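Asker: Since each chain sits alone in its own frame, please combine them into the complex, following the hints.
For the record, the sequence lines run as chains X and Z. Heads up: the first sequence is residues 4 to 253, going by the working numbering. Heads up: the second sequence is residues 48 to 310, going by the working numbering.
No lab work stands behind these hints, which were simulated from the structure alone. Just so you know, not all the hints are guaranteed correct.
Per label pair, the in silico range of CB-to-CB distance [what the hints assert, rightly or not]:
(1) X/K19 / Z/G138: 32 to 38 Å
(2) Z/N215 / X/Q177: 37 to 43 Å
(3) Z/I113 / X/T13: 44 to 50 Å
(4) Z/L270 / X/E71: 42 to 48 Å
(5) Z/V183 / X/G76: 41 to 47 Å
(6) Z/A303 / X/R70: 47 to 53 Å
(7) X/K189 / Z/A256: 39 to 45 Å
Simulated crosslink set (SDA-like; lysine to any residue; CA at most 20 Å straight-line) [stated by the list, open to error]:
(8) Z/K263 / X/Y89
(9) X/K105 / Z/E207
(10) X/K106 / Z/K81
(11) Z/K81 / Z/N220
(12) X/K74 / Z/F196
(13) X/K105 / Z/A300
(14) Z/K81 / X/M87
(15) Z/K81 / Z/E207
(16) X/K106 / Z/N220
(17) X/K106 / Z/E207
(18) Z/K263 / X/F133
Per the computed footprint, the stretches of chain X lying under chain Z, defined by three or more beta-carbons under 8 Å from a beta-carbon of chain Z, are [to be verified]:
(19) 71-78
(20) 87-100
(21) 106-115
Just so we're clear, the structure is a prediction, and the values are computed from it rather than from any experiment. Glycine is no exception: its CB is placed at the ideal position from the N, C-alpha and C atoms.
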Amino acid sequence: MKAIEVKHLTVKRNGKFILENVNLSVEKNQIFAICGPNGGGKTTLLRSIIGIVPYEGTIKIFGFSPREAVKRGLISYLPQRSPMDYTFPATVYEVVMMGRLKKMGIIKIPSHSDREKVLKSLSMVAMDEFKDRPFSALSGGQQQRVLIARALASEAKVLLLDEPITGLDIQAQQVFYTMLTELRKKTDITIVMVSHDIGVVPAFVDVVACLNRELFYHGAPSKELNIELLKKVYGGDVGILIHGHHHGTT
Amino acid sequence: MELLSYTFFQRALIGGILLSIVFSLFSFFVVVRKLSFAGVGISHTAFGGIAVGIILGIDPSISALIFAILIAIFIAYTSQKRKLHEDAAIGIFFSFSMALGIAIISRFHRTNVDIWSFLFGNITTITHGDLIFFSVATAIVLVYFIFFFGDLVLIGFDPEVAQSYGINVRLHNYVFMTLLAMVIIMGIKMVGVILISAFLVLPATIASAFSKSFIKIIGLSVLVSLVFTVAGLFLSYYLDMPSGATIVMTGTALFALTYLKGS
Ligand SMILES: Nc1ncnc2c1ncn2[C@@H]1O[C@H](COP(=O)(O)OP(=O)(O)OP(=O)(O)O)[C@@H](O)[C@H]1O
Ligand SMILES: [Mg+2]
Chain X
4 MKAIEVKHLT VKRNGKFILE NVNLSVEKNQ IFAICGPNGG GKTTLLRSII
54 GIVPYEGTIK IFGFSPREAV KRGLISYLPQ RSPMDYTFPA TVYEVVMMGR
104 LKKMGIIKIP SHSDREKVLK SLSMVAMDEF KDRPFSALSG GQQQRVLIAR
154 ALASEAKVLL LDEPITGLDI QAQQVFYTML TELRKKTDIT IVMVSHDIGV
204 VPAFVDVVAC LNRELFYHGA PSKELNIELL KKVYGGDVGI LIHGHHHGTT
Chain Z
48 MELLSYTFFQ RALIGGILLS IVFSLFSFFV VVRKLSFAGV GISHTAFGGI
98 AVGIILGIDP SISALIFAIL IAIFIAYTSQ KRKLHEDAAI GIFFSFSMAL
148 GIAIISRFHR TNVDIWSFLF GNITTITHGD LIFFSVATAI VLVYFIFFFG
198 DLVLIGFDPE VAQSYGINVR LHNYVFMTLL AMVIIMGIKM VGVILISAFL
248 VLPATIASAF SKSFIKIIGL SVLVSLVFTV AGLFLSYYLD MPSGATIVMT
298 GTALFALTYL KGS
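Isolated chain Z (complex conformation) (with noise of 0.2 Å):
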């Protein structure tokens, strides 16, 4: 394993768990509360932050983050006033966010930017203050579920009882949809901003075949989420492919067995 002496590849290993823990922890709040479409809204706004970041000439991953937590606020604001188009919304504001990205970047073309990275993911572009990011990321992630789990686990089964225990749930979610905002734009480099959406739906949704008890599920979700990131980032070496694409791929690999060997 001659592989694991490159820097680079130890960052994307070490970014890959790191990125392997936070997403599942969402992943099953993200999958039980229906919010797949908020994290495809997320993750596609966002590309039109890093357009709006290269002709700044601003690090994209800040110009990014911001367009996502836009996007992540203005979601959890429509879900709280139960507006009809919602989706509608999303689905607009989406859109146009990439094309005003794909406008930018076509208009001042700088060669030296690699969109497919952006799109796709590319293990190779992971730098060591990624890492930092993703380190403290991580860690704040770890924080919010250590305090507010059991918060959060009320809210997704019984909000009106959560709320009947003085728990804010208006707060808690502007709060959670921020951090799956923070949480995805760490994701975009290793697995981009077309893929993100399914890696994020993945992990509880394999894990949700083998119990009905969400303390295992989202034990078992972390250690699905490892094993096809960390696999899926062999691959994206050996078989030269972005790495977004060979963890997805690895992942709903996983998903088909699991479903087939049920059913």
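Same shape as in the complex, but just chain X (with noise of 0.2 Å):
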């Protein structure tokens, strides 16, 4: 059974369309990247797959639907720039915990287990050192690692990562790609993300999309990712997107 199977998925806001017949499919346990221009679409595309986006056609997750995935804890997502509160008071392990929210009973106490698997979280994206701190004194960087180990910590087996990279530095980088490949050695879990970084992607992903508004390619990296079709979705001067130019912000 496929991971996730989005069929004519089209997304309208105020009769624009944002997504037009997109089509694609992602295999349990792959790591595929969109990519595609700001404003192409694709936190529309990650925010229908968890079914807070209206949206007309069919998407599946493991044969489930968004709703029905949500509520059985399959995915887990993390925003690009949430409008989440930087500065409220927790600290970074109680952080991690919010990740075994839909994993504890009613009454959300929670138990030895998800004590040890925040801690686990916490160690793959290398900040168990911080867990006592205060999450709104991390640097940019070192929340987004936090807030990766919190979407690990929900044992979802379909990670949803929005921009996951951006503001971590070069070398945390490298860490988080690598964090993601041992990731999926060890679990079966399957990673969707959206990335820019069209010059270190390859290395990483099995499967590519590039999306602006349409699907303009879905396949593996490189081979057939050339110039001109990044010049078909990008427009313009691509140059400087295949030399792997680290983009800071979006």
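Answerer: Below, the structure written as structure tokens:
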């Protein structure tokens, strides 16, 4: 069974097409990257997959509708720039514990295994030493790692990461990609991530999809992912993207 | 402590303890979600409700509760819509309700109505019926927090992820604001319309000075709020001042101490 299957997905906002007839599928245990220009609909695609955007067409996650998949805790989503409160008083440990919320019973009291999973997730992103620090006092990149740990702690089958490496330094990006590769090897997790970093992406991902309202490419990275295609998706000069220029922000 | 043998003071004390617990739980969320102005809006709007209740001859607590819940739902609705002028709307609405209250009370002047008590609190007015209302309200609030505490924290911290967990953020906002309205009405007799918003923000603000863990902050809020409420009740009696004034002054003194110490 496919991890994610999207068929004839169309999203309209105020009569304008944001996604138009997008078809794609993600195999279990794949690392799947989505690229495309700003405003191309990448975030909208992820938001449709977790069912918080109205759409036409069908989306199945291991055969379940987005709503059902969310209910079963199959998907974990890390938003791009969520309207979150970065000054909220919480320790790193408490933030990651929030990822366990769906695994706890009706009364949300962390069990021994919840606590262990939180610590394990923190060590995966090399933030275990920071567990008692206030989240608000970390650097942006460290906060991002903690949020990735929260996504990992949820033990979802599918991770949807929207530009997760934004704000990470080059070393942290390497650590992050290595971590994803490890995670994929050790577990049967499926990872879908949005990334502008076409220069680095090919080495770590199985499949790339290029999105600019429509799907322009869907297949193995680097092979057919040539300049001509990128020009078509992004328009204009794309050389800078291919040479692995690291974008600090979006 | 002869005072403790007076029924009225026993009632005030029990009421004060229940109030402290409930307010400190809300306090954290009101502070982190920057809802203190909503608190001001709800309590002042309730004053219009009190006046309407008095002239209609119904229990002012009930009419105040209705007014408070209506404005709370209105606030939840406008914050949902992210309307630009949410603050202005709350400001106009609560001033109008306050003005209406004053107009009604001065026009139909009733000598048996002690406005002063509604504005600033009066420990001698806590009735047996009030304590029953307090207990029911406290039970509702505790049940709510036991089941939804985690959801509320996630909504406060990261609403988009909360949504992705299948949490109905919208519904939660309405329920939260409605319960907040109920709790504010509960506190009005003791702390008064004018001072209740301070009572709402003081516990978590003081506790935040000591920790960056929300679990610890909330635990400490309960303690802090119990201390200054009970102290305020005693002062209210001995200094013969409205309880709202003594409670808020004690709380503010505690606040000043923690921040002076910290700086
Ligand atoms: N809530 C919304 N209401 C109306 N239009 C929206 C909304 N959210 C997104 N859009 C529009 O949909 C289009 C796609 O947005 P989306 O956020 O999915 O792009 P993206 O590929 O993630 O871009 P970026 O690289 O900047 O993150 C944009 O034109 C945007 O203006
Ligand atoms: Mg985006």
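Asker: Does each hint hold? Answer for all of them.
Answerer: Hints and how they fare:
1. X/K19 / Z/G138: 32 to 38 Å: The hint (32 to 38 Å, Cβ to Cβ) holds, given that X/K19 and Z/G138 are roughly 36 Å apart.
2. Z/N215 / X/Q177: 37 to 43 Å: Between Z/N215 and X/Q177, where Cβ atoms are some 39 Å apart, the hint holds.
3. Z/I113 / X/T13: 44 to 50 Å: 45 Å, holds
4. Z/L270 / X/E71: 42 to 48 Å: 43 Å, holds
5. Z/V183 / X/G76: 41 to 47 Å: With Cβ atoms ~35 Å apart, the hint is violated.
6. Z/A303 / X/R70: 47 to 53 Å: 50 Å, holds
7. X/K189 / Z/A256: 39 to 45 Å: 43 Å, holds
8. Z/K263 / X/Y89: Roughly 18 Å between the alpha carbons, so the hint for Z/K263 and X/Y89 holds.
9. X/K105 / Z/E207: Holds, because 15 Å separates the two Cα atoms, which is no more than 20 Å.
10. X/K106 / Z/K81: 29 Å, violated
11. Z/K81 / Z/N220: Holds, at about 13 Å.
12. X/K74 / Z/F196: 18 Å, holds
13. X/K105 / Z/A300: This hinted pair is violated, its Cα atoms lying about 41 Å apart.
14. Z/K81 / X/M87: Cα-Cα ~13 Å, so holds.
15. Z/K81 / Z/E207: 18 Å, holds
16. X/K106 / Z/N220: 23 Å, violated
17. X/K106 / Z/E207: Judged against 20 Å, a Cα distance of about 19 Å means the pair holds.
18. Z/K263 / X/F133: Since the Cα atoms of Z/K263 and X/F133 sit roughly 18 Å apart, the hinted pair holds (cutoff 20 Å).
19. 71-78: With 3 residues closer than 8 Å to chain Z, the stretch 71-78 of chain X meets the three-residue bar; holds.
20. 87-100: holds (count 8)
21. 106-115: Holds, because 4 residues of the stretch 106-115 of chain X bring their Cβ atoms closer than 8 Å to Cβ atoms of chain Z.
Checked against the numbered hints given earlier, this structure breaks hints 5, 10, 13, 16; the rest are met.
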